[in-house]
Amino acid sequence: MAVEGDPRASANRSLGDAVDDLPIFNVDNLQSNIKSIYYSRTFLSIIGGAIAGIWGFTGLTGFIFYFIVMAVASLSLAAKAKFSVHAYFDSWSRILVDGIFGGLMSFVLFWTFAYDIVHIF
Amino acid sequence: MAEDLVLDTAIRDWVLVPLSVVMVLIGVLRYFVSKLMRSHQAPDLKVVKEGQVILRARNLRAAAGFIPAKSFRARKIYYTNEENGLLHVPKGQAQNAQAQMFSDPNLAMDMMKKNLSMIIPQTLTFAWVNFFFSGFVAAKIPFPLTHRFRGMLQNGIDLSTVDVSYVSSRSWYFLNLFGLRGLFSLILGEENAMDDTQRMMQMSGFGFDPTKSLGAEKDSIDIIQHDWALPKLEKRAEDVLKKLVK
Chain A
138 MAVEGDPRAS ANRSLGDAVD DLPIFNVDNL QSNIKSIYYS RTFLSIIGGA IAGIWGFTGL
198 TGFIFYFIVM AVASLSLAAK AKFSVHAYFD SWSRILVDGI FGGLMSFVLF WTFAYDIVHI
258 F
Chain B
63 MAEDLVLDTA IRDWVLVPLS VVMVLIGVLR YFVSKLMRSH QAPDLKVVKE GQVILRARNL
123 RAAAGFIPAK SFRARKIYYT NEENGLLHVP KGQAQNAQAQ MFSDPNLAMD MMKKNLSMII
183 PQTLTFAWVN FFFSGFVAAK IPFPLTHRFR GMLQNGIDLS TVDVSYVSSR SWYFLNLFGL
243 RGLFSLILGE ENAMDDTQRM MQMSGFGFDP TKSLGAEKDS IDIIQHDWAL PKLEKRAEDV
303 LKKLVK
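If you read the protein sequences in the order shown, they are chains A and B. Sequential numbering of the first sequence, starting at 138, is according to this note's numbering. Sequential numbering of the second sequence, starting at 63, is according to this note's numbering.
Bear in mind the hints are in silico, worked out from the structure with no lab data behind them. Check before you lean on any hint, since a few could be wrong.
Said to hold, decoys possible - Negatives, chain A to chain B, calculated, CB over 12 Å:
1. Arg178
2. Phe200
3. Val209
4. Ala216
5. Gly239
6. Ser243
To be verified - Covered by chain A, according to a simulated footprint, are these stretches of chain B (three or more residues, beta-carbon under 8 Å):
7. 71-84
8. 192-204
9. 239-246
Since we're looking at a predicted model, the values are computed, not measured. Positions of the beta carbon are idealized from the N, C-alpha and C atoms, including for glycine.
All chains should be built: construct the whole structure from the sequences, respecting the hints.
Now the structure itself:
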C-alpha cells in the first residue's frame, strides 16, 4: 500500500491531543484519511477479485477469501496508524468495517471476470 | 447438474470484454460530459448566508469549552433568541423558502439534467445489450445461487436444466453496473463515481437543507452544556511540566 503511505502519514493527527476530554477533529484531514481508506479497500477488492478468479475459488471459499483480504487490510491500516486510532479517526468502526460491503461488488465482478477468462475458456 | 460447460472462446472475446470496456468508456464519457454541462449557477445569497450561519453555530458548539461561561451564554443568546436570533426562522417563512427552491426554474433544470445524464446512458446500454447479446450463456458466476434467481439471471436461456451459475449477458451487464463503481472512483478521481443514488439523495435534500437544519442547530445549541476546559488545561500543563522536570 505504498500509494497512500505518504498522504496518510502527513495528513495529520486530528487535534485529539490538544485537549484531553474535548477531542476535536480537523475535518479536512479526517476526510482525507477516510478517503485513503476507501481507495485502498477498493483497490484491494479489485486485485483480490482477480486473484480469487485466477486461483479458481468457487462458492463460499471465494467470499471467505474476500473477508480475509479485508481483515488483512484492516490490520495493516491499524498498524499504519500505530494502533492509536483516535489520533487519526473518529472511531474504530471507520478503520475496521467501513467500506467492506462497498468493495464486495467490485470483488465479485473481477472474480467472475477472471474466473471465466481463465477457467471456462 | 454440475457438468462443466465449455463455452466458446469467441464469447469471451466478443461479449464479456467489449461489454466491460464499453461500460468503462461510457462512464468516463459521462463524467466529462457532466463536467462540461455543469451550468454555473450563481449561488443564491440567502442560501449562502444561511449556510454560513449554520457553520458559525457549529463552530460555537464544537469550541464551547474554550471560552468562558459568560461569553458562551452571550453568543448562545445571540443565536437562539426568539425575536431576532439568527437561527430562529418564523414558521411562515420556512415554508416559503422550500416552495421557492423547487419552483425555481434553474434548480429544476439542473436536477433534470443530472438525472437524465444518469439515466440515458444506462437505458441505451441496456437496450443494446438486450438486442445484441441475448439468447446465449455468457458467463459463469463462481458461486452457486438458488433456483429462484434463475428467472432473473438467465433471461434469454430457455433450458431449465442448465445450472443457475451460467448466466446471460444481461446479468453480466448488471454485475458490471455495480462493480465498476469502485473502479470509477479510483480512475476518475474523488467523488465522481457513478453513485446515482447518492447524487439523487443529495439533490432532493438540497431544498430542505436550510430551513430544517436551522431548527436543528438551534436545538443543539440549546442543549449544550458549557464545560470550560481551562481548569483541566491548567492541571494538564502541571502534569506535563512535572514529567519534564523529573
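Evaluated hints:
1. Arg178: violated, 9 Å
2. Phe200: violated, 7 Å
3. Val209: Val209 of chain A clear of chain B: closest Cβ-Cβ about 18 Å, beyond 12 Å.
4. Ala216: holds, 23 Å
5. Gly239: Nearest chain B Cβ is 7 Å from Gly239 of chain A, so the label is violated.
6. Ser243: Contrary to the label, Ser243 of chain A does not stay out of reach of chain B, its closest Cβ about 4 Å off (not over 12 Å).
7. 71-84: holds (count 4)
8. 192-204: holds (count 4)
9. 239-246: Held - the stretch 239-246 of chain B has 6 residues with a Cβ nearer than 8 Å to chain A, which meets the minimum of three.
When held up to the earlier numbered hints, the structure conflicts with 1, 2, 5 and 6 and fits the remainder.
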